[in-house]
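Residue numbers (the numbering used here), protein chains in the order written: chain A, 52 to 638; chain B, 78 to 234; chain C, 124 to 684.
Keep in mind that the hints were calculated from the coordinates and are not lab data.
All C-beta atoms in this analysis are idealised placements derived from N, C-alpha and C, irrespective of residue type, glycine included.
Incorrect hints may have been included.
[Unchecked claim] Have a look at the derived ranges for each label pair, beta carbon to beta carbon:
| # | chain 1 | residue 1 | chain 2 | residue 2 | range |
| --- | --- | --- | --- | --- | --- |
| 1 | B | 95 | C | 298 | 27 to 37 angstroms |
| 2 | A | 230 | B | 229 | 35 to 45 angstroms |
| 3 | A | 542 | B | 95 | 28 to 38 angstroms |
| 4 | A | 60 | C | 568 | 48 to 58 angstroms |
| 5 | A | 146 | B | 229 | 21 to 31 angstroms |
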Amino acid sequence: MVKLKIDNFDVDVAEGTSILDAARSVQIDIPTLCKHPDVDPSAGCGMCIVKVGGRIMRSCSTPVAEGMEVVTNDKELQETRKTVLELILSNHPNYCLKCARSGQCELQDMAMRMGVDRDEIHKILKPEEIDDSTQAIVLDPLKCIVCGRCVDICQNQQNVWALSYLNRGLATKITGANDARLADTPCIKCGQCAAHCPTGAITEYDETAKVWDMLKDKELVTVVQIAPAVRVALGEEFGYEFGKNLTGKIYAALRRLGFAKVFDTNFGADLTIIEEATEFVRRFKEKDHLPMFTSCCPAWVDYVEKYYPEYLPNLSSCKSPHQMVGAVAKTYYAQKTGIDASKIRVVSIMPCTAKKWEVRRHETMRASGYQDVDVVLTTRELAKMIRQSGINFHNLKDEEADSPLGEYSGAGTIFGVTGGVMTAALRTAYFYITGQELGTLNFDDIEGLDGIKAAEVDINGTKVRIVVVNGVGNVAELMENLKAAEAAGEEPSCHFIEVMACRGGCIAGGGQPKVMMPNLPKPWGINDEIRRLRSQGLNNEDEQAANRLSHHNQSIKQLYSEYLGKPGEGKAHELLHTKYRQRDVYK
Amino acid sequence: MAEVSQAAQVASKWRKKRGSLIMALHEIQGVKGYIDWQDAMDVSREMNIPLARIYEVLTFYNFFKLEAPGKAVISVCTGTACYLKGNDKVLEKFKSELGINEGESTADKMFHLQSVRCVGCCGLAPVCVVNGKTYGRMTPEAVPGILDEWRQAFKEE
Amino acid sequence: MAEMDLDKRFDIHETAKNKLAEIEKFMCNIYCCHSTGCKSSGSDDILDLIKNMVAEYEVEDKIRVVATGCMGLCAQGPLIRVEIKGKKDALFKRVDLESAKVIMEKYVLPAVQTESEFAVPAELEEHVLSLELPFFTKQEKVVLKNAGHMDPEDIAEYMARGGYLALEKALKNMTPAEVVAEIKKSGLRGRGGGGFSTGMKWELAAKVPTVDEKFIICNGDEGDPGAYMDRSILEGDPHAVIEGMMIAAYAIGATEGWFYVRAEYPLAVERLEKAIKACKKNRLLGNNIMGTDFCFNVDIRLGAGAFVCGEETALIHSIEGARGTPRPRPPYPTNKGLWGKPSCVNNVETLANVPKILLKGADWFASFGTETSKGTKVFALTGQVEHSGLIEVPMGTTIKEIVNEIGGGVPNGKKLKAVQTGGPSGGVIPEEYMDMPVCYEELKKLGSIMGSGGMIVIDDTSDMVSLAKFYLDFTVDESCGKCAPCRIGGKQMLNLLDKINKGKGTAKDLALLKRIASAMQKASLCGLGQTAPNPVLSTLRFYEKEYTDKLVEEHAATEEK
């Protein structure tokens, strides 16, 4: 431990702690616009300056030292910070009123906090084209303050390398290689850039207007589904604590928005498990393209299609849960209720920006004869719609989802957490192989925020080796090992691999809330504490669920007996499975 | 087997050496005069460096050109000594004579005009360099003659 | 096999002796300056002509023609120095093919043939430069001792002038700690601009254990526009820098060395490459150097046109093949540098001083200079001065001596107004402070810095607002863009300065200019941004009236719109 003085307070923190974090531990919040707990300090913004023994240093990147005396705030520091902030604002448009991040913007908040009360410095703004080429995430260079968080996340954490710096000095711009549009780059639409952006420079592709149009059209039957991770995050937009599970209130809000039916993607998750466990059991027995990779994360699928096309046959052919719900809604549900499938619109509320791309990614996404899912909205967009509608979210009474695509098990819920898909799949695969239920339903080794987690499961004397990759940036080493093993003619080191592109899983997806609350750990958006709390919200629901096994979901059983037939075959295969193709890293 | 490009050859030569991206880019530009998208892709593949990183580097450093410059590259020194001795006027003269700005090439691709920071001949200030040939103690009046000299040289080729 | 190689090891004493004997045989040495400055005024052709004439007249055994590094008086180039045994040395300026021929025919060839005195003929008068000029007599050459006096591409000639003796002394007679102590005692400070104690830096670097690798990096990214000290050293005496680096490597336990040189210096790179090759051939680089346990290799990496790469963390990023953006320190490169390994970054001139210090002793070195600034300093003296060129003077020499005596004063009957040091990171020193001794502390007191050695003489016709704008324009152009204060602040300052310079600025604009300058100094990430406002603040400090004279009243500015 290191002892130091910050503004005359004695502070005792671990060695290696930054002055910024040490100050936070004694309730002093040094302003910063670039430091984020998920990234290394870039020291770019210049706001977090403090005095160490009279010398001005950056608190984000300077580690504490024994006996250090730090001044975090005096007139000189305040004036300097204010001028630096005014400089940043002079290079940023005053469009707050029409910005998606208004009210949740770190720059706007900083301007209020620092009491910026003058407009002396002339604006220098270079008009730049907005890049919405992915139709998943939108990059508005004019609003970018070049904090560098998104580039660090995209390159170093996600290992995607879609975003990069172009030029230097004031001409520095964050964009694709040689100013390529994001759709022409390796971008996997994971949206982690948007999740970490302090301003409105990177946001989701807003499709709320499209959904309002659908809801207005009385000819249409517009149904909706919510992903697991949405239920433990939406509340943050309305002042609830992190990880609060508000499934019932969300259903109620969706009905009030005018959706004809409210379904749940957790149902689709259970359905996915039936198909995926069946597929895995067959492939494991036949040693068919092992290890098998999960395929419910569209950003991961995109990543394999671009970076590891030779492993496309290893991806599970199962569609992701919400795509399964879409396909079933426009076939089985349409048939069951006698609604003309052409009139059904499916809206998915997702924690994810890549899902916006997924609905169009392959012709198999039109298995019903129509686009199976019409629109994907992020959790943030749903919050926006609820606010626009005037619904008093707080006072809503809990409601239930609609049948038959609303029932779900605890296994479906935990799809939203890293390790969850694997856990859910193993519960059912074990049952398929042994005819018995697992003793304990959790696998401690694959929980938590480690980048790579591995476990070995004994199924009737057969060892099944599983790996969970938490964050797509952690996958490269594993893939290289697999390649090397294959080249050496060896058995693969594992049989089943779950990959989630975002650290923590869907609960920390690119479309999740980034709210500002005075009591929040800063900066707003996402950090490991928030990841932990949201995960806990989903895990609690699983633990308390009456049914924690996908294969005991009664509505699913009914779906197979009434319509699909056997898992993995015939109609089930036609509707619920997809294909993959190699994609160029650059167009 | 497709023909291996110059860029790919250079890149594969440098691949095993540490800290060699900029060296490889120098070598490619040294032969070709600039580095285009295909060159960058070749370097990316051969050296296993993301394309995004290569363009980050190419657009950070002044030295690299992404497009073919004019045949005669005119570098007007804007170092301090040359500035004090009035090279800004020489630069202006080049601009008006050629009808282009700094960093641009003439439509006929004959001349490319750029300002550079100190070519290291401060004693000869003000200085400009055309394709490696140095012109010391420059004056705006000398500009048309230099342009004619190079036009003539290209005509003779 | 290995033992045989060891036997064949190059003996520096033997080589030096042979080379000296060889040189001794010649009656006459003709030194032709062959550095970038003189080459660009045609010294290549002159060299060829002289060599051809020597061959033509069959006097190869009498006359040795040597292409050398920089002789200093660059404005008067191409320069040729003729040394004939028993005769006074002669220096010729502004030599062209015609005068070179005359020099040979009317002076060198007849003079070599005669025992008696032989004067330079009158027709060459306009080409004669007196070696009695204060420009030559007032200098104290330590680092530049060899440049201009030998063939930089001949390792034997370097040895003949005492080269690699310091390395031998270090490797065979001193422990690494003793080397560090000697450098520390000498008071040598970083010549790149920072002025940090070299010995202390080495001590820090030596303290970090060498786990697998440790690097010594030579910073040759001289970016100050108007300064070319490092280029001339690398061109004129590359082996001195290599030797300095090897001694540094031995002292701190480095396993590999990197030269980072501006791509704009092709000749310096070429000479360095040849020197490294010669070292490798002669087993001065590689394993078991001079039969000791010391193993060391070096490589060259080029810059690509970014001034900010002179900052050590930016330089390291550049070698790694990334954008040359600085990163916050700590961690310092001595702990975590190139590829995360401990790395010590030293400037070219700093390293070139090292062999001399080891050979002649710390006390000898410390006998030059002031209390806190020891040794000599090389300056690129340019601007409105009679003799512009490269000079070396003891620290503490006054500006007056440099400008008026060595530099020969301001030409064209104009008056001296100020001297600018430190380039875009420095400031101006007005005429009334001309008695100030040049050293780190004194320059700092006046709001300038030593910098890498640019010294620009400004006459009374120069406008200080324009000068400040010139420098700011440079730093704005060279800002890496990483940190907001520098990225945006610099451009905003430049816009304000431009407005004021055009006679459209108001008192409010001037106040804002000062406010932004102060924020940039305090909140920029690296030295480039922190010092970028210096030329403005420094000219404001001494010549504020030149700014206020250009201001207009608020209403006038509004009407202008």
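Okay, the hints, checked on the actual structure:
1. Against the hinted window of 27 to 37 angstroms, the Cβ-Cβ separation of residue 95(B) and residue 298(C) comes to about 30 angstroms, which satisfies the hint.
2. Restraint check, residue 230(A) to residue 229(B): a C-beta distance of roughly 39 angstroms satisfies the suggested window 35 to 45 angstroms.
3. Between residue 542(A) and residue 95(B) the C-beta distance comes to about 35 angstroms, which sits within the given range of 28 to 38 angstroms.
4. At roughly 37 angstroms, the beta-carbon separation of residue 60(A) and residue 568(C) lies outside the given 48 to 58 angstroms, and the hint is violated.
5. The given range of 21 to 31 angstroms is broken by residue 146(A) and residue 229(B), whose C-beta atoms sit roughly 56 angstroms from each other.
The earlier numbered hints that this structure contradicts are 4 and 5.
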